[in-house]
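Q: Chains X and U are the protein sequences, given in the same order. All residue numbers for the first sequence refer to the working numbering, where the first residue is 2 and numbers rise by one. All residue numbers for the second sequence refer to the working numbering, where the first residue is 78 and numbers rise by one.
These are computed hints drawn from the structure, not numbers from a lab. Nothing here was measured: the structure is a model prediction, and the numbers come from that model. Every residue gets a Cβ at the ideal spot worked out from N, C-alpha and C, and that includes glycine. Careful: at least some of the hints might be erroneous.
As the list claims (entries may be wrong) - The following label-pair restraints were derived from C-beta to C-beta distances:
| hint | chain 1 | residue 1 | chain 2 | residue 2 | range |
| --- | --- | --- | --- | --- | --- |
| 1 | U | G94 | X | S247 | 46 to 52 Å |
| 2 | U | E139 | X | S3 | 34 to 40 Å |
| 3 | U | D146 | X | M245 | 21 to 27 Å |
| 4 | U | D270 | X | L29 | 32 to 38 Å |
| 5 | X | F41 | U | G94 | 31 to 37 Å |
| 6 | X | S98 | U | A92 | 23 to 29 Å |
| 7 | U | A137 | X | A231 | 46 to 52 Å |
| 8 | U | A203 | X | A145 | 37 to 43 Å |
| 9 | U | G259 | X | P178 | 29 to 35 Å |
| 10 | U | G377 | X | S3 | 38 to 44 Å |
| 11 | X | A21 | U | G212 | 22 to 28 Å |
| 12 | X | I115 | U | R152 | 32 to 38 Å |
As the list claims (entries may be wrong) - Some chain U residues judged to face chain X by a derived CB distance under 7 Å, without partners named:
| hint | residue |
| --- | --- |
| 13 | E164 |
| 14 | R186 |
| 15 | V309 |
| 16 | L344 |
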Amino acid sequence: MSTLLVQLRSDLKVFVRNPAALFFTAILPVIFLCLFVSIFGNERDETMGNVRVATLQVPAFIALAVVSAAFVGLAMGLVSLREDGVLKRIRGTPAPSWIVFGGRIGTAIVSATIVTAILVAIGAAGFGVEVPTSTLPGFFVTLALGAFAFSALGIAYTRAIGSEDAAPAMTNAVVLPLYFISGVFVPVSRLPDGLRHVADVLPVKPFVDALTVAFDPRTTGAGFAAGDLAILAAWGVVGLLVAMRSFGWTPRRQAG
Amino acid sequence: MTADAAIEVDGLHKAYGSFEAVRGVSLRVERGEIFAFLGPNGAGKTTTVEILEGFRKRSAGEVRVLGIDPEHGDRDWRARIGIVLQEGKAQPELTVRETLELWSAYYPRSRPVAETIELVGLAEKADERVARLSGGQRRRLDVGLALVGNPELVFLDEPTTGFDPVARRAAWEVIGGLRDLGATVFLTTHYLDEAQELADRVAIIKGGLIVAEGAPQELAGPGAQETEIAFVPPPGVPLGELPAGPAAVLGHDGRARLRTSAPTRLLAELCGWAAAAGIELERLEVRRPSLEDIYLDIVGEPPAGTGAEAQAPPAGAASSRRRRRRR
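From just these sequences and the hints, can you work out the full model?
A: Structure below.
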């Protein structure tokens, strides 16, 4: 356990000292929120039950922050460690392999939690976002499940990435289209039916939807969107199984 | 197989498809010994080392490292071994001290971090980020990472490749110092002077087989032991008329070369003859064969990586480093 803490502390330092990771995970979602509200206004939308635009946009960008920290962060970070021979080297020590994932998943959780707090704080202070109270259990469970699922998928996805140079393009090629069809940038109501049905069974839209339900002031109860959470959990399990079966520790460019 | 050797290998085979990289290697490394493993590229060196380290599975043969089969080495076994990979990086964002602190947390019986930093001579760079270290300093950190677990056995795979001469001397001191710590060292290297300087025993692998094994001074068969005397033959004296002894050979540098197992007598004859005839033997030199000479005799070619090209990293490594910096 203490080894995990040392690993986590060290991975957090690496994260904070890496400008690209810090920008995409921590700063970009905040910029997006401010830009969005500036561009599209922050009216109380009658058709949306008299809720401010920002109130529905905050959970969308929280989702983006989690996907970025967990999926993109782990996929790119682990590929870079693998290709640099760091993972192979750790394999040569008595450290258990889960410590590598534990440290990075912990980093994703810590960074995503901080960004979530910043987004909620800016939303509440600047854009009149109503912060939920009774649905907080659902909100936190959804966040935790999302962090798990997208971390597992990120670890699994490293199998498909052959080199460090390919990693940014390969991860963005997956997440950017998903953001667009999952209601992060564009309301899902604008999507054609076919695309929406596809998005329904992919992991990002259920995550956005579940977070939105948990964040929406009109939601009654504890804020659990059971159907969405089930799809998200299923993706997490798939990711975990693929990761456990196929994760590679040695540089791909190196034979064997 | 007896229990107290650090490494025992018997009849090791490794095939990749139809290609047999290792074709029956047997060797034994005693505890506390510095053992150098030499051979040209593609001879099966890295394959053998990675089997010993537990990174690769063998096709056939018996292997015991610290009494354990590396294929079934558990965490306790790993804790007793330190590894410097041929190319393994440390995370550029962490400092030397932070990297070693993380690594020491991996091991149950770590050497204190400050002591390890001192041991590899990085005290002045302890709080520098890895990204800002020179190549030689990074390699010293690599060695530090292999030592921080306080291992009984250390694998060093080309630990000084790319070093300048001063850095290599410094690294040799660190490696030689491991002997005093009681550790066993398994060293692969391209530099024959490195093996000669450090190793108690040397094995040379070629084409997947061990072709020579022994102390650097007594390697190989007859001839390798002979001392060479070289000088510019006096003008007007045919090679055949030089004093008795083994036939002289004219070297590519224009000097006559005599090989002998009785250098004192031959030298006395030669000098007596020259002095009597009033001849000065230009560029007279007496030298014992170096490990490099022996190696070239055995392998028939210089090991890849000696000479000028060894000073620069391979082209691929350089370009990938450039790429990384650009990102």
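Q: Can you tell me whether the CB distance of U/D270 to X/L29 sits inside 32 to 38 Å?
A: violated, 54 Å
Q: Honestly, do U/D146 and X/M245 meet the 21 to 27 Å range at C-beta?
A: 25 Å Cβ-Cβ, so the 21 to 27 Å window holds.
Q: Can we keep the U/L344 interface hint, with Cβ of chain X closer than 7 Å?
A: Where the cut-off is 7 Å and the nearest Cβ of chain X is about 52 Å from U/L344, the hint is violated.
Q: Could you say whether the range 38 to 44 Å given as a hint is met by the Cβ separation of U/G377 and X/S3?
A: violated, 54 Å
Q: Using the Cβ atoms, figure out if U/A137 sits within 46 to 52 Å of X/A231.
A: holds, 50 Å
Q: Holds or violated: 37 to 43 Å for the Cβ distance of U/A203 and X/A145?
A: Between U/A203 and X/A145, where Cβ atoms are some 38 Å apart, the hint holds.
Q: Range hint 29 to 35 Å: satisfied by the CB atoms of U/G259 and X/P178?
A: Violated, since U/G259 and X/P178 (Cβ atoms, about 59 Å apart) do not stay within the stated range.
Q: Tell me if U/E164 is really an interface residue toward chain X, meaning its C-beta lies closer than 7 Å to one of theirs.
A: holds, 6 Å
Q: Starting from the hint 22 to 28 Å, judge whether the C-beta atoms of X/A21 and U/G212 obey it.
A: Since the Cβ atoms of X/A21 and U/G212 sit about 24 Å apart, the hinted range of 22 to 28 Å holds.
Q: Tell me if U/V309 is really an interface residue toward chain X, meaning its C-beta lies closer than 7 Å to one of theirs.
A: violated, 50 Å
Q: Do X/I115 and U/R152 keep their Cβ atoms within the hinted range of 32 to 38 Å?
A: holds, 34 Å
Q: Just tell me: holds or violated, for the beta carbon distance of X/S98 and U/A92 against 23 to 29 Å?
A: Since the Cβ atoms of X/S98 and U/A92 sit about 28 Å apart, the hinted range of 23 to 29 Å holds.
Going down the numbered hints, you'll see the structure goes against 1, 4, 5, 9, 10, 14, 15 and 16, while the others check out.
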